[in-house]
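Q: Here are the chains, one letter per residue:
2 protein chains.
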Amino acid sequence: MAFDRLIEGIARLQNPTVAGLDPKLDYVPASIKQACFDKYGKTLEGAAAALLEFNKAIIDNICDIVPAIKPQAAYYEMYGWQGVRALAETIAYAKSKGMFVITDGKRNDIGTTMEAYATAHLGVTEADGESFEAFGADALTVNGYLGTDGIKPLTAVCRERDKGIFVLVKTSNPSSGELQDMKLENGATVYEQMGRMCESWGEELPGKYGYSGVGAVVGATYPEQLAEMRAKAPHTFFLVPGYGAQGGGAQDAKNAFDARGLGAVINSSRGIMCAWKKQGLSEDDFAQAARTEALRMKEDILSTIGEITL
Amino acid sequence: MAFDRLIEGIARLQNPTVAGLDPKLDYVPASIKQACFDKYGKTLEGAAAALLEFNKAIIDNICDIVPAIKPQAAYYEMYGWQGVRALAETIAYAKSKGMFVITDGKRNDIGTTMEAYATAHLGVTEADGESFEAFGADALTVNGYLGTDGIKPLTAVCRERDKGIFVLVKTSNPSSGELQDMKLENGATVYEQMGRMCESWGEELPGKYGYSGVGAVVGATYPEQLAEMRAKAPHTFFLVPGYGAQGGGAQDAKNAFDARGLGAVINSSRGIMCAWKKQGLSEDDFAQAARTEALRMKEDILSTIGEITL
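Listed in order, the protein sequences are those of chains B and H.
Mapping to numbering that gives the first Met the number 0: the first sequence position 124 is 123, numbers consecutive.
Mapping to numbering that gives the first Met the number 0: the second sequence position 205 is 204, numbers consecutive.
Since the hints were made in silico from the structure, they are not lab data.
There's no promise every hint is true.
Note that identical chains are pooled: a pair holds if it fits in a single copy or bridges any two copies.
Straight line, CA to CA, 30 Å or less: simulated DSSO-like cross-link-like pairs of lysine-lysine [to be verified]:
1. Lys38 with Lys207
2. Lys55 with Lys182
3. Lys276 with Lys151
4. Lys94 with Lys23
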């Protein structure tokens with residue numbers, strides 16, 4: 000089960016974090032941009048090449064200390080198919096460095112369309128007898144608003160290919176409560192109901208450390224709900240956004256973990272990518288600064304949860 | 000407002016339908032596939048080229064009778080960045096033929112990430128002073144589970160660039176009720192609550208025919224809910240899947256329209272793309288068969304709603 004691999008990586012590195020790679024062109028040092036524009040012109044191809052170089056430098060500098068990356072699809076789509084190619088190349092590069100890759104796409108649809116997304120991001124595409132991994136991530140974030148019809152095509156691919164999904168449960172943003180916090184007649188909130196569905200969907204993908212292949216996104220910015228869902232969804236592994244730039248701290252994120260220090264991976268995107276600013280360094284030092292921040296974040300979280308034991 | 004343009008196209012052609020372009024390689028005639036594989040090899044590039052040729056032939060054959068296409072992103076992502084390039088090229092081609100393009104991506108995220116999706120699909124990407132339309136659709140389907148933070152970045156782009164969005168409200172699939180039909184403590188169902196949010200989000204994008212730039216996806220497979228939401232969300236334009244292959248008929252879809260025959264556009268994907276099978280024709284006649292089916296569908300729906308008047 001894919002999250003067993005993620006959990007083992009977390010335990011080996013004693014680091015329950017994931018680096019979000021949501022690159023904007025503004026984050027990329029002028030020297031890299033200039034080299035790419037010189038090579039490809041001021042085009043989407045040039046921009047995408049710059050993002051890829053930026054990502055590779057960060058991956059090179061963190062792959063021995065951080066178990067996973069989470070590229071956010073939106074930032075690549077923004078640069079057209081050329082950007083989407085940079086996403087595929089970022090995923091392949093991170094995997095070649097032994098990292099676990101979570102594509103943050105929040106995809107959702109039904110039936111054969113969801114099969115197409117599952118195939119695209121986690122599976123194998125057949126073209127006239129030949130097989131290709133179109134994107135080849137280890138896990139994909141998804142939105143469960145459409146119910147079981149939108150999830151079963153994913154769990155089928157997960158079982159077959161040792162992959163996982165994270166379903167949006169309680170998101171980290173200020174307005175997440177507008178729908179998610181509403182109380183249902185059965186007494187549960189909408190996010191709690193979604194968490195129940197995750198527990199149910201996960202039954203067919205059991206993992207050896209107690210967590211299934213159907214995880215959940217629960218934000219660090221809502222520490223009470225994080226604690227509530229940790230208790231109510233004991234087999235559901237959490238992907239936790241909202242640490243750092245969005246305001247969540249280690250004490251908030253702590254609620255995502257079980258007594259063994261398992262059960263969650265905490266994401267930081269801008270905190271890692273733009274660490275050079277906070278550290279008062281030059282933009283050309285972004286990759287080294289990312290490493291320094293990744294180590295600081297690891298220590299910050301480990302200091303609250305203690306040693307991670309399998 | 001973008002849906003004014005769509006509504007005008009519908010009225011001009013007296014056809015409130017959209018052709019879903021969700022191409023699978025299996026749908027593409029052997030002659031097209033062979034030509035593309037001969038040119039590009041048995042690669043994702045070859046597969047994507049075949050999809051594009053297939054789409055172009057359908058567009059050529061329906062652009063004078065159908066006002067809009069709805070390419071579903073999943074079927075392009077399945078063929079990697081090469082497939083995503085075919086999506087961009089399909090959109091550009093349909094626009095060059097005067098069609099309105101709805102990218103069915105069901106995208107969702109928050110803040111700057113949603114801005115990136117809005118820029119990607121509806122806006123303009125800046126790269127070091129140069130501007131590019133990455134995908135350039137007229138409208139995008141989105142998922143509102145994350146609340147207002149996930150919608151405002153879209154409405155900003157819609158206002159600036161004359162675009163629209165369709166928010167998932169009541170989807171056409173069998174399990175859509177698992178979450179969407181649940182009753183909230185306030186007496187509304189989850190889908191009804193989402194419809195209310197659409198009405199509210201749409202207030203800042205009023206249209207001249209009474210429909211805002213924030214539309215909703217409501218399935219033809221749930222005709223009662225379609226009628227309910229038509230009454231409860233009077234300013235929300237509907238994108239209606241589920242006609243044809245999923246089981247919805249013209250009498251079901253009728254509930255999506257107001258007394259003028261406005262208020263909705265009905266989608267057919269497989270019905271159009273695979274029409275040659277139903278018509279007992281050769282696969283090489285797929286484009287002509289698509290036209291025949293598009294005309295049949297138009298008559299089928301018009302016969303229930305009558306003349307469309309602005």
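Q: So which of the earlier hints does this model not fit?
A: 1 and 2
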